[in-house]
Each structure stands twice: as structure tokens, then as C-alpha cells.
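Enquirer: The lines below spell out each chain.
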Amino acid sequence: MTGTKAAGAAIEATGLVKSYKTKDGTVDAVRGIDLRVEPGEVFGFLGPNGAGKSTTVRMLTTLLSITSGSARVAGVDVAADPSGVRHKIGVALQEAGLDERQSGRELLTLQGRLFGLGPADAASRAQELLELVELTESADRPSKSYSGGMKRRLDLATALVNRPDVLFLDEPTTGLDPASRLVIWDEVRKINARGTTVFLTTQYLEEADQLCGRLAIIDDGLIVREGTPSELKAELRARRSLDHDPTLDDVFLDATGRTRERQAGDVQEVQA
Amino acid sequence: MTETLVLAKRAVIEGVRSMESLMPVFFIPLFFFVVNIGQAGKIFPSEGTPFLEGQGYAAFSLPTALLTAASFGTAALFLVEEIEGGYFDKLRATPIPRYAIVMGRLLSETLKNLLVTAVIVVVGMLFGVRIESGPLGFVLLLAIMATWATVFSGFMQLIAMKSRSAAATNSASFIFFPLLFLTPNFVPRDQLTRPMEIAASLNPVTYIMEAARSLILKGFEGDVLLKAGVVLAVGLVLAISLNVRAINNYD
Ligand SMILES: Nc1ncnc2c1ncn2[C@@H]1O[C@H](COP(=O)(O)OP(=O)(O)O)[C@@H](O)[C@H]1O
Ligand SMILES: [Mg+2]
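For the record, the sequence lines run as chains X and A. The first sequence begins at 1 in this note's numbering and counts up by one. The second sequence begins at 1 in this note's numbering and counts up by one.
Only chain A is shown next, with the shape it has when bound in the complex (with noise of 0.2 Å):
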């Protein structure tokens, strides 16, 4: 345990001496939120537009910007890079449980998420929304954002072990397009047409992105909260065991 904190804040650090990595992060999912608002804005207007609840098309269209934020898989990214550059196998060759190694980056891209999650929040604030749900709400929201972006970069962290290439991880990253924009992320499911429906059902970002929606524009809904647990509950047991086998694996 204290080897994977000592990792995490490693981590961390790590983060914060490469800012330039952060601001895709933050820019990305901001620009497409703004932009998104200027298009739409007026075609769904505040009333007249039921599934917005009183509120703006901001506040339905935040929950893609918080989305987009956590699935960057930047400690994959970060692992990669030390894959390539040798120190991991410093690392593998130090008595530490070889999980630790993969936990400390999971550790330190939740924590990351945190603040990233937070801080796109209060810009949305500034653009309106208001979180139905309240502090309890934003709290909750925080925990699934953070929770999915250590999911997404549980498997980024896969295939940077398999790969062992940068080039092969970036290029894995682009899977957040299918995730993120086969999703109600525009309008509510019901709304959708058929196909885009049915692949919206089959995403399991959707249901994360419907709790996150719901939290913002109603309170809570247990059923929809559910889900969600349900997805990123899977999510995690998932991507944590199976890195933990891959580095265990790791030849």
C-alpha cells in the first residue's frame, strides 16, 4: 500500500511538471462545450425544451465535456512513455508488489480527474448550470467522473503493456470517439433515431453520462444512478484485475 501511494504522488508530481499535458484536457473538452452551446443553444431553448428542465443546454451538455475530460487515459500515456524509456523495468526490478506499479498511476489519474472534473464544473457555473442534486450531487458527480477516467485509463494501461508503444497507446486513445459520441450526448435517448439509439443502449458511457445528466438537471434517481454504479463497478474490478495480471505477466 505504501508503495502505491509513494508511486501515486510520484505520479502526481510528474503531472505537474508536464502542464503541457494537462491542457488538452482541460481545452478539449471546454471547446467543444462552448461550441456546442453557441450551435445548440438556440434550436433547444430553456423553456419550450422539456428534457432541459428549467435549465440551459449547457448544463444538459455538460456531463460530454465532464466525460470528455476523463477519458484521456493520460497515466497510460505517462506509463508508455516509461515502458519505452526503461524506468519500468527499474521499477519491476525494485521488491515492490509489481501491482503497485500499475495502482500508483490508476491512483494518481483519479485524483487528477478530481480536480479536473471539479474545475470544468465551476466553469459551467459560469455558464448557468446550477447542480439540482447539491453538494451532495457534485460530490457524487465527482466520484463517477473520477471512477470512469480510472476505468479508461485502466485499459489505456493495457495496451500500453501489450504494445509497449507510444505510437500504438495514442492511437488506442481515439476509442473515446465510439465511446463518447455513441451516446445521447446531443439529446435524450428517446429522441434519438433508431440505430443511434440501439448503439447508445449497447455504450456503457451512456448510462454513466445519464446519471451524471441526472444528477445536474433532477437530483436523484436511484434507477439511473444504479446503472451507472453498475457500469463503472464492472469497469473497475475489470481494468484493475486485468492490469494487475498484465504486469504480474509483464516479460
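For reference, chain X alone in the conformation it holds in the complex (with noise of 0.2 Å):
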């Protein structure tokens, strides 16, 4: 894997591990993740809470010390060039983290500045990202004010700033109603069509088979199924010799051990 493609790798992991240390010992949250994103891709990172999603995303996007291995984004080794790094990529994190005193418009300008744009630039930029996000309306409004689905895709536009290779969305529908979150895939679509690779972190299938060209299913800090969502179908099937296609739901139960025979079992027994 040293020919010229692996040099153009978007994102490429090998044996990534994080420790957590905690008063009652350590947490081995990620614990050895090979992963290779290529340009352009939409990549879906599937996963239970709790199974170190967030954890990779922010170890890959330089907020987060990596215990071992090593990782590059966008060409850029994440330890040696951190400040590289982050001049190439977007960041929308699971928690949508804003200024809520500022307003949508003062928010995307100030990340301009921080992204080395002069102020008139800045303001170009931001009126840009807003019409993008369909937040021109309420664009001088505090973003205290906006809806949930508002606060996401203003974060999503604080992310393409800098008109990132390569985007990280840590579980950008968690907690919207669906009409936000068919927003949000659209605005993913739109985005990805310009070229930029998409990391995306996610708990819903629908999801990751809606946006993701492919995916990887991490469980209790390990990669436990890769592939186009298709193949992890067609994997199960032949292996289980399935009559019917199973759904990306059957993968992701097969895939992490939580089966819905256990659940019916379960509730069977206390029928019982």
C-alpha cells in the first residue's frame, strides 16, 4: 500500500488506539483501527453508543492525543503537523458547539478570521455559507434563538469555512426530527458533490446506507465489518445463506453481537 495512491489517501489510520485514564484506571476507548478514506469518498463510521466514534473523530481532527499508532488526514501526519492538518479539514463535533451570543453571521466571520481571512473576506465568506445553509433569514438573530435543526447546519457551515479536503461530522442527526435530518443529508450531498471527502460518525443505519458510498462498523473500540453498504449485505447472506437480502440492520446486529433473537429471548423470559 505505498503506491501513489496510498499517498492520496484522504484519511489513513494504522493501529490508532486511545486511552481514556480515569481515577478508577485506564479506558481503552479505541483500541487499534486501520482505516483508509479515499478522496471524495463519503465515509460512514457506524457504531452502538459508547463505541469510540467520537473518540476517533477527535483524535483524527488533532483534539485529542493518540495513545498509539498513527494517522494522517489530507496528506498531513495528524501528531507532527497538527496546525496543518486543521487548516485542512472542517469539524462539526456531536455536541454543536456555539457561541450562543453571537449571532449565525458574526460566528461564521470570526471563524474566517481564525482561518487567516481579512475581515472583508471573512464577511464574504460567511454571507456565502449562510445562503448555502439556507440561514440568511435568521443570519443576525443570536444563535441562542435557533431551532436545533438551525444550530446543526450553522455548525455544519462553521466547518466549510476554510473550504476543507476533508469533513468530519460527529453524528450530525442525533437528536433532530426527521424533516432537519433530510436537510442535513441534503446539505452533506451538496457538500460532497464539491469535492469534499466526508467522515461521518453515525447511530442510525437509514443513515449511513442513505449518505455513506461505504462504511465501517466499530464496536467496543474495534472495526468489526468495512465495506460498501451492498457488500455488507451480500457478505451476510452468502455466509448465513440467507433466502432474502438482509437489511444494513441485520449486518449491524450481526455485526455487534446484539442480536434480536437475545432481545426476543430476553423478553420471552420474562413472559415466562
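Incorrect hints may appear among the rest.
Claimed, not checked - Chain X side only, calculated, beta carbon under 10 Å to chain A, not exhaustive: (1) Thr-62; (2) Ser-68; (3) Pro-82; (4) Gly-84; (5) Arg-86; (6) Ile-89; (7) Val-91; (8) Ala-96; (9) Arg-101; (10) Gln-111; (11) Arg-113; (12) Phe-115; (13) Val-161; (14) Leu-222; (15) Val-224; (16) Thr-228.
To be verified - Restraint ranges, calculated between C-beta atoms of paired labels, are given here: (17) X:Ser-145 to A:Gly-219: 28 to 34 Å; (18) X:Ser-145 to A:Met-19: 50 to 56 Å; (19) X:Ser-70 to A:Asn-170: 53 to 59 Å; (20) X:Glu-131 to A:Gly-128: 45 to 51 Å; (21) X:Asp-77 to A:Val-16: 51 to 57 Å; (22) A:Leu-238 to X:Asp-140: 38 to 44 Å; (23) A:Ser-21 to X:Gly-32: 17 to 23 Å; (24) A:Asn-170 to X:Ser-145: 24 to 30 Å; (25) A:Ala-118 to X:Gly-8: 56 to 62 Å; (26) A:Arg-17 to X:Asp-81: 54 to 60 Å.
Stated by the list, open to error - When the alpha-carbon atoms are kept at most 25 Å apart in a straight line, the in silico SDA-like pairs for lysine to any residue are as follows: (27) X:Lys-21 to A:Asp-251; (28) A:Lys-218 to A:Pro-95; (29) X:Lys-23 to A:Ala-166; (30) X:Lys-190 to X:Ala-179; (31) X:Lys-190 to X:Asp-254; (32) A:Lys-162 to X:Gln-210; (33) A:Lys-162 to A:Ser-133; (34) A:Lys-9 to X:Asp-140; (35) X:Lys-233 to X:Thr-247; (36) X:Lys-88 to A:Pro-95; (37) X:Lys-21 to A:Leu-5; (38) A:Lys-9 to X:His-87; (39) X:Lys-23 to A:Leu-180; (40) X:Lys-144 to A:Leu-180.
To be clear, the hints were calculated from the coordinates, so they are not data collected in a lab. Everything numeric in this text was worked out from a predicted model, so none of it was measured. Heads up, the beta-carbon is just placed ideally off N, CA and C, and yes, glycines get one too.
Take the two lone chains and join them into the complex the hints point to.
Expert: Written out as C-alpha cells, the structure reads:
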């Protein structure tokens, strides 16, 4: 894997590990992950709560130190040149971290300034992005007054200020109503169509199915499946010799050992 | 540098938009100021109290009010709010040098305190306080208080980054009680009881209070000002270097 293609990977991680030190010992949140995402992909990182999705994203985006292993994002080594990485990525974390006293426009303009734009350029970039995420009407209100969906869209816009090569979205639709979710999906597709690689974590199978060309399923800090949604379904169908196409749900349950049978069994035991 | 200024400007605007956070900064010091004068003004009349140097007790008491106003650590409370809310991580994900995040906050605290100190001094003047050292002394008084406000906020910001909890940071701000009251805030140091005098002499804030008092009551006393200068310089270097280290190692 040292050919010209390797040099061009949007994200490449090898043996990525994160152990948190806590009062009662260490928590191995990520236990050795290998990843390779090509430019232009929408890559899904699917896993249940506590699987290690956010931890992985935080390592890849230079927000968290890497316990062992290495990662390159947009061709830059995360540990060796974090600032170089930050220039090339956009990040929208799980909690849409906004300064609620600022308006959407102010927030985006400030973000532009922090990425080195002059005041005029930052202002015009802010306007472009407000149009992109359809927030022009509320642009000058404090973001405190925004709905959940609007906050997510604003957060998404702040992640795009520097026209990133790679965009990281950590559970971008968790907690949103179905309509707002569809709007975010549309945005992600639009952004990707312009050539931005998207790395997206989600707990929603449908989201992964709808948006992602390829995905990895992570459970308990390890990647347990990887491939396109149809590859993963076909693999399960072949392995289990099923007579129908399984859903991504089935793949997920199979991969994470959270079987429907077991859940049903539990229920029956309770009834008995 | 640009990033620090951009973030300081944002922090100032934030302060202006949350006036409620500025109210106690004015109200609490002025409340104690007025109460102290009311209670002790008769015990320490202007004539017959040598340490007042001919002024009223208000002049003696003003530095305590100024130091109280400078010991709120508002910048740290805003910082911990943005740590809890996640905006801190958003800032950390931008390519600015990370020191700009803590320095921007500290700079806004410096600026805010210049304003707060000036207002409280003006209120003091309404109570008959004169600044014996004149306009230059007034400027020096502003600089001393603003530097202390920055140092105090700096240490509070360390707690904010370490604890990542608004509750913990709020609790830590009560450190201002021993810092402000184990001092010669009521009478000069040589009139304190022996244990209190020892405590006050060990408290760095004492030297800042004495310098401010000397500027108000006496004029320019080199040795008194020098001691305050050393305390503030050491405090500032420590606060800034520890802040920069804390944010660079923030994980
Ligand atoms: N700061 C932390 N300190 C200790 N443990 C943590 C910390 N952050 C996350 N964890 C633990 O690491 C595991 C993975 O968490 P996370 O990456 O947030 O999962 P996900 O995003 O997939 O829900 C969980 O068991 C979580 O409790
Ligand atoms: Mg998460």
C-alpha cells in the first residue's frame, strides 16, 4: 500500500489506539483501528453509543492525543503537524458547539478570521455559507434563538469556512426531527458533490445507507465490518445462506452481537 | 497576535451582551465600600487618624473595593462555559496558535477591568477620595488593578481548563475571600494582631493593596510600588506560562 494511491488517501489511520486515564484506571476507548478513506468519499462510521466514534474523530481532528498508532489526514500527519491538518479539515462535533451570544453571521465571520481571512473576505464567505445552509433570514439573530436543526446547519457551515478537503461530522443528525435530518442529508450530499471528502459518524443505519458509499462498523473500540452497504449485505447473506437480502440493520446486529433473537429471548424469559 | 486580538474583541462583545455578569463586579465592591465607610468612618475620623493622611476612611478603603472588583475572574467563567458548551473545541480545531484562545480571554479581562476600576475610582471621588499621586498615579492605579485582574483570571482559567466544570470553577473563585481579607484591608498592617499580620505579610495581595493605598494617600513611594510590581510581574509570568502550557496540553 505504498503506491501513488496511498499518498493520496484523504484519511489513513494505522493501529490507532486511545486509552483514557481515569480515576479508576484506564478506559480503552479505541483499541487499534486501521482506516483508509479515499478523496471524494462519504465514509460512514457506524456504531452504538460508546463504541469509540467520537474518540476516533477527536484523534483524527487533532483535538485528542493519540495513545499509539498513527494517522494522516489530507496527506498530513496528525501528530507531527496538527496545525497543518487543521488548515485542511472542517469539524462539526457531536455537541454543536456554538457561542450562543453571537449571531450566525458573527460566528461565521469570526471563524473565517481564525482561518486567516481578512475582515472583508471573512464577511463575504460568511454570507456565502449562510446562503448554502439557508440561514440568511436568521443570520443576524443570536444563535441562542435557533432551533436544533438550525444550530446543526450553522455548525456545519462553520466547518466549511476554509473549504476543507476533509469534513468530519460526528453524529450530525442525532436528536433532530426527521425533516431536519433530511435537510442535513441534502447539505452533506451538496458538500460532497463539490469534492469534499466526508467522514461521518452515526448511530442510524438508515443514515449510513442513504449517505455513505462505504462504511465501517465499530464496536467496543474495534472495527468489526467494513465495505459498501451492498457488500456488507451480500457478505451476510452468503455467510448465513439467507434466502432474502438482509438489511443494514441485520448487518449491524450481526456485527455487534446485538441479535434480535437474543432480544426476543429476553422478552420471552420475562413473560415466562 | 491577530488571532488574540480577534478573540479578545469577541470576548469584550460577549461581556457587553451579558451585562448581568458585570453587575456583581460593580455592585459587590461598591456595596462593601459604602458599608465599610458607614461603619468605620466614625472610629477613624479624618483628623486624629494619622494613617488616613488627612483624607476620609473612604480613601483608605477604596483599594479594597478595587481589588474586590478585580478578583471575579469573569474571563474564566466565560471560558468554562465554552468548554462545557463545546465551542472551546471548535476554536481548538482552527489553525490558530492555541495560546491565542487563553490570551484573548485574558486580554479582554484586562480591558474590562480598566473600565471597572475607572468607574469605581470615580465613585470614590464622589465620596471625597483624592488621588494624592495625581493623574499619573491614577494611570498607575489602573495598571496595577488591571494586571491583578488578569493574574487572578489567569489562575481561574487554569482551574477552568483542569476541571472543565462551571461548578468547580465557580467554587474556586471563593479563593478571593482569604486573598482579599487576610490583608490590611481594615487598618494598616502594623495595627493588625500578630497572627493576622503574619498572614497578611504572606499574602501577595497585601502588597498590591498597600501600593494602591500609597498612591491614593501619599504619592509615589518607590519601595512600596516596587514590591507590588514584583508580585504582579511574577504573578503575570506564572499565570500566562501556566495557561499556555495548560491549553497546549489540553486533551
Ligand atoms: N474523556 C473521557 N474519559 C474517560 N473515558 C471516556 C472519555 N471520553 C469517552 N470515554 C469512554 O470511551 C468510550 C468511547 O466513547 P466515545 O468515543 O464517546 O463513543 P461514541 O462516540 O461512539 O458514543 C466510552 O466507553 C466512553 O465512556
Ligand atoms: Mg460520540
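Enquirer: The structure should be examined with respect to each hint, and the outcome stated for every one.
Expert: Results for each hint:
{"no.": "1", "hint": "Thr-62", "verdict": "7 Å, holds"}
{"no.": "2", "hint": "Ser-68", "verdict": "15 Å, violated"}
{"no.": "3", "hint": "Pro-82", "verdict": "9 Å, holds"}
{"no.": "4", "hint": "Gly-84", "verdict": "8 Å, holds"}
{"no.": "5", "hint": "Arg-86", "verdict": "4 Å, holds"}
{"no.": "6", "hint": "Ile-89", "verdict": "8 Å, holds"}
{"no.": "7", "hint": "Val-91", "verdict": "4 Å, holds"}
{"no.": "8", "hint": "Ala-96", "verdict": "7 Å, holds"}
{"no.": "9", "hint": "Arg-101", "verdict": "5 Å, holds"}
{"no.": "10", "hint": "Gln-111", "verdict": "7 Å, holds"}
{"no.": "11", "hint": "Arg-113", "verdict": "5 Å, holds"}
{"no.": "12", "hint": "Phe-115", "verdict": "6 Å, holds"}
{"no.": "13", "hint": "Val-161", "verdict": "9 Å, holds"}
{"no.": "14", "hint": "Leu-222", "verdict": "22 Å, violated"}
{"no.": "15", "hint": "Val-224", "verdict": "27 Å, violated"}
{"no.": "16", "hint": "Thr-228", "verdict": "29 Å, violated"}
{"no.": "17", "hint": "X:Ser-145 to A:Gly-219: 28 to 34 Å", "verdict": "53 Å, violated"}
{"no.": "18", "hint": "X:Ser-145 to A:Met-19: 50 to 56 Å", "verdict": "18 Å, violated"}
{"no.": "19", "hint": "X:Ser-70 to A:Asn-170: 53 to 59 Å", "verdict": "40 Å, violated"}
{"no.": "20", "hint": "X:Glu-131 to A:Gly-128: 45 to 51 Å", "verdict": "60 Å, violated"}
{"no.": "21", "hint": "X:Asp-77 to A:Val-16: 51 to 57 Å", "verdict": "42 Å, violated"}
{"no.": "22", "hint": "A:Leu-238 to X:Asp-140: 38 to 44 Å", "verdict": "42 Å, holds"}
{"no.": "23", "hint": "A:Ser-21 to X:Gly-32: 17 to 23 Å", "verdict": "46 Å, violated"}
{"no.": "24", "hint": "A:Asn-170 to X:Ser-145: 24 to 30 Å", "verdict": "26 Å, holds"}
{"no.": "25", "hint": "A:Ala-118 to X:Gly-8: 56 to 62 Å", "verdict": "59 Å, holds"}
{"no.": "26", "hint": "A:Arg-17 to X:Asp-81: 54 to 60 Å", "verdict": "37 Å, violated"}
{"no.": "27", "hint": "X:Lys-21 to A:Asp-251", "verdict": "11 Å, holds"}
{"no.": "28", "hint": "A:Lys-218 to A:Pro-95", "verdict": "50 Å, violated"}
{"no.": "29", "hint": "X:Lys-23 to A:Ala-166", "verdict": "20 Å, holds"}
{"no.": "30", "hint": "X:Lys-190 to X:Ala-179", "verdict": "17 Å, holds"}
{"no.": "31", "hint": "X:Lys-190 to X:Asp-254", "verdict": "32 Å, violated"}
{"no.": "32", "hint": "A:Lys-162 to X:Gln-210", "verdict": "41 Å, violated"}
{"no.": "33", "hint": "A:Lys-162 to A:Ser-133", "verdict": "41 Å, violated"}
{"no.": "34", "hint": "A:Lys-9 to X:Asp-140", "verdict": "18 Å, holds"}
{"no.": "35", "hint": "X:Lys-233 to X:Thr-247", "verdict": "7 Å, holds"}
{"no.": "36", "hint": "X:Lys-88 to A:Pro-95", "verdict": "9 Å, holds"}
{"no.": "37", "hint": "X:Lys-21 to A:Leu-5", "verdict": "35 Å, violated"}
{"no.": "38", "hint": "A:Lys-9 to X:His-87", "verdict": "23 Å, holds"}
{"no.": "39", "hint": "X:Lys-23 to A:Leu-180", "verdict": "34 Å, violated"}
{"no.": "40", "hint": "X:Lys-144 to A:Leu-180", "verdict": "37 Å, violated"}
Consistency with the previously given hints fails for numbers 2, 14, 15, 16, 17, 18, 19, 20, 21, 23, 26, 28, 31, 32, 33, 37, 39 and 40, ordered from lowest to highest.
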